[in-house]
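Both chains are sitting in their own frames, so use the hints and assemble them into the complex.
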Amino acid sequence: MSEVKYSKEHEWIKLEGDVATIGITKHATEMLGDIVFAELPEKGSNVEKDGTAGVVESTKAASDVYTPVSGEVVDINQEILDDPSKINQDPENFAWFFKLKIKDKSEMDSLMNKDEYDKFAKENNA
Amino acid sequence: METKKTSLYQLHQDCNAKFVEFAGYHMPIQYSEGIVEEHKFTRNHSGIFDVSHMGQLFIYGGEELIKDLEKIFPLDLKNLKLNHSKYSFLMDKDAGIQDDLIITKIDEGFLIILNAACKDNDFKFLKELLKEKYKMVLDENRSLIAIQGPKSSQILNEVVDGVKDLNFMSGNWFLFDNQIVYITRSGYTGEDGFEISIPNNFAEKLTRELINKGSKLAGLGARDTLRLEAGLCLYGHDLDKNKTPVEANLKWAISKERISKGDFIGSDIIIKQLNDGVTKIRVGIKPEGRIIAREKTKIFNQSDVHIGEITSGTFGPSVNGPVAMGYVENEFSKKNTKVFLEVRGKKYAANICSLPFYKKSYVKGVNQ
Chain R
1 MSEVKYSKEH EWIKLEGDVA TIGITKHATE MLGDIVFAEL PEKGSNVEKD
51 GTAGVVESTK AASDVYTPVS GEVVDINQEI LDDPSKINQD PENFAWFFKL
101 KIKDKSEMDS LMNKDEYDKF AKENNA
Chain L
1 METKKTSLYQ LHQDCNAKFV EFAGYHMPIQ YSEGIVEEHK FTRNHSGIFD
51 VSHMGQLFIY GGEELIKDLE KIFPLDLKNL KLNHSKYSFL MDKDAGIQDD
101 LIITKIDEGF LIILNAACKD NDFKFLKELL KEKYKMVLDE NRSLIAIQGP
151 KSSQILNEVV DGVKDLNFMS GNWFLFDNQI VYITRSGYTG EDGFEISIPN
201 NFAEKLTREL INKGSKLAGL GARDTLRLEA GLCLYGHDLD KNKTPVEANL
251 KWAISKERIS KGDFIGSDII IKQLNDGVTK IRVGIKPEGR IIAREKTKIF
301 NQSDVHIGEI TSGTFGPSVN GPVAMGYVEN EFSKKNTKVF LEVRGKKYAA
351 NICSLPFYKK SYVKGVNQ
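Protein sequence lines, in the order shown, are assigned to chains R and L.
For the first sequence, the working numbering gives the first residue as 1, with consecutive numbering after it.
For the second sequence, the working numbering gives the first residue as 1, with consecutive numbering after it.
In case anyone wonders, no lab produced these hints; they're calculated from the structure.
Backbone N, C-alpha and C define an ideal beta-carbon position, used for all residues, glycine too.
Take these hints with a grain of salt, some might be off.
[Claimed, not checked] Dumping the calculated DMTMM-like pairs for lysine to aspartate or glutamate here, alpha-carbon to alpha-carbon at most 20 Å:
no., chain 1, residue 1, chain 2, residue 2
1, L, K18, R, D82
2, L, K334, L, E288
3, L, K346, R, E42
4, R, K86, L, E33
5, L, K81, L, E70
6, L, K286, R, D82
7, L, K347, R, D64
[To be verified] Computed far set for chain L versus chain R, every beta-carbon distance over 10 Å:
no., residue
8, Y9
9, G61
10, K151
11, N301
12, R344
[Stated by the list, open to error] Part of the chain L face toward chain R, derived, beta carbon under 7 Å:
no., residue
13, V36
14, G221
15, I292
The shape of chain L in the complex, shown without the other chains (with noise of 0.2 Å):
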């Protein structure tokens, strides 16, 4: 299959931007100035990602659609207002997590940003389950930019007046250029940030008009050293069909009335573990030297008993420091723990962590 591009390929072109493939798609890693620079301008200032790589799926129903996704998703749907957002993910009948996604209610239904490497696969899997009942659109016609980072509010403000008063994790429509674009107040960074989804054809003049307003553009690499400073999961590495939310520790994303209920897919194993508690649970490791470890890094303990891996790690700019994350058993999970990371032959003492590594206020309640 062909490698594809996004609609802001040229210009990535124009910018300098290394390509890497990604999930089939021809994206930007990095640009001239690198990951670490592209990360500190994020933090600072104001970071610009093409993520257009990742599904837009809108799927419109009312009150039915509703019933049927919380058979789906551990979220109380009925009751997540009009504009608002939820992470969540999809899982197999054992609580395997097959992808994970941000669902946002609108109008006439939801909508679902899906990974990449994912989205085909969720659409035909949510298809089956919904059996056709709804019409369903995996919007190839949209292109989806996020701006991350302190300046992006005011920046975006001043190309699309009004988004500063969006509350995080909710979004609404707003007008670029007489189109229709929505936007969220999301992200992945760890940073205040929007995530704007709009037409193929107007995602440059956007992003160009952002760049003049004095956001930067920055690739995948530095997207990766920010969310993992931000402790935040990668599908693929940290996350997968062997762990399940309560293994990833991402319990307070399942809704608790919910699990009261226990009637969505994976909900007995959800309910076992949160009950009887998990052997392997997902923690943050903070190398005590500058030694970076790397997914796939073997963790002992102190007895030199192999206890768990990493599946994130690199260095972390803000941080100056090497950042990683990873699964251990439970009882090497608390905070403080010594363990030791095996890279290249050698055993590098680490500590388990509490994430994020790397810590921002996010804008909440602006209208609260």
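Next comes chain R alone, as it looks inside the complex (with noise of 0.2 Å):
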């Protein structure tokens, strides 16, 4: 059973096995409006929790993503940056971003549900 969980940068992870597949979420989709360009990290670099791992642009500004979690990045989606579009289509399944190799799992306990991270994400609706 994999669970979905949400960092306080509007990210999702979810964890299957040791592998992490890491994307925004919808409410971040909904602040930045019109997304049109994506930037991912490079397959086979290695990312630390909370650092930047890509950027996303939408009409209006850029935004930096963060990886809520550390790890050797082993898989990127090539649609979204074929077509940024599709990110705010359906953010949180279809156009995940990356996937990592997490290094360690307990990076995820600090992590938000989704019942807390709907409850943040109302509270932080800038």
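This is the structure we're talking about:
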């Protein structure tokens, strides 16, 4: 059973075995508006918890994408690089950003569950 | 100071607008469909923009006013026909641009449309220059509604009969609901369109009728992507006091007749720059990939020398790619010159290109 967790930077993370799939939340896409550009980390590179792991740009502004856990990038979603508007269409399923071979599963512990995140997002509706 | 609301504020709210503060006003940046859809709908059908935050300055006077205004604007105003409009700018003595504007000859004088952030300063500046000889009204009782896009003429004509016969960059008085409205065929999107100056109490009614006829509200976000694709300047970004009209590549807007005499504010510098050339100039810039280079992005030449800066940059929905404009050293301003843009520490290839990025023909000479 894989549980989806959420970060305060509006990323979602789904852990299956030791591979985590990471993307940005629907709430994040609603705040950003139309996404027109995405940049992802390189396959094979290592990313650190809370470090920058990509960029999304809307017609309005650029925003960094952070990784909620550390690990090695094992896959990236080429489809969202080719057509960034897919991120707005289905951010929490089809438009995942990257997959990590997770280094330390305990980094998942401090993340929020769905109810906590929904409450957090509502309170921080910038 | 309290943030002001336009007379369409309630309508914007009803249409789920996201608001931003812009030049002291609560303005809609986008509605529920989003910037890209609003942009495309304007290009393909018709979009309505609330631009009531902009200044509507009426200056009343005759022959003497024309002479006095010619000391300020580089325009041949004595030959400007009734109800015809010109694009121009207010300059300081060094030809630095204080604002860009549209001036229209009306029966009793002139109507000048000013940028929201500049209008109060412009009003003071003009009042001093004109030594309070003329009645001047920066009219807060009128709203300004723009309707832009290929279906706009047909839609507006159903609501205000006769507007379809206006020529581009000309206007006239019309009746809407027994109210006198001044409508010009003009805009800021690169599309055919109109701007309607209407008493505040009737702005919402007009806008709702236009929506009922098939037009849709579009926010400042779409207005920005549309104007940038059309190669049009935004004051405070592409134009400011440190740039002259010649550097801004706007010399087409300066009357040749007036340059020969050179008796307007900033004319010494303008004439010098026209004769000797300029060191920096505004150009269009097209990044090669999908990377977006925004305002303040540094521009480098092929030898990695810093040669300029982006002043506006975004994603162009109709171009389906990034678009930008900025200032580069003159020797790198030729079309197809390869340059590099520094975004988040990396350099990306781009090419100098001609403006606009997106071209549509304006309606000209309906009656000619």
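To see whether the hints hold, each was checked on the structure:
1. K18/L to D82/R: violated (28 Å)
2. K334/L to E288/L: Holds. K334/L to E288/L sits at ~17 Å (cutoff 20 Å).
3. K346/L to E42/R: holds (15 Å)
4. K86/R to E33/L: OK: K86/R and E33/L at ~15 Å, within 20 Å.
5. K81/L to E70/L: holds (15 Å)
6. K286/L to D82/R: Holds: K286/L and D82/R sit about 19 Å apart, inside 20 Å.
7. K347/L to D64/R: The given pair, whose Cα atoms are some 18 Å apart, holds under the 20 Å limit.
8. Y9: Non-interface label on Y9/L holds, nearest chain R Cβ at 21 Å vs cutoff 10 Å.
9. G61: holds (43 Å)
10. K151: Holds: least Cβ distance 23 Å, greater than 10 Å.
11. N301: Holds: least Cβ distance 24 Å, greater than 10 Å.
12. R344: Given a closest Cβ separation of 7 Å, the condition is violated.
13. V36: Since the shortest Cβ distance to chain R is 4 Å, the answer is holds.
14. G221: holds (6 Å)
15. I292: holds (5 Å)
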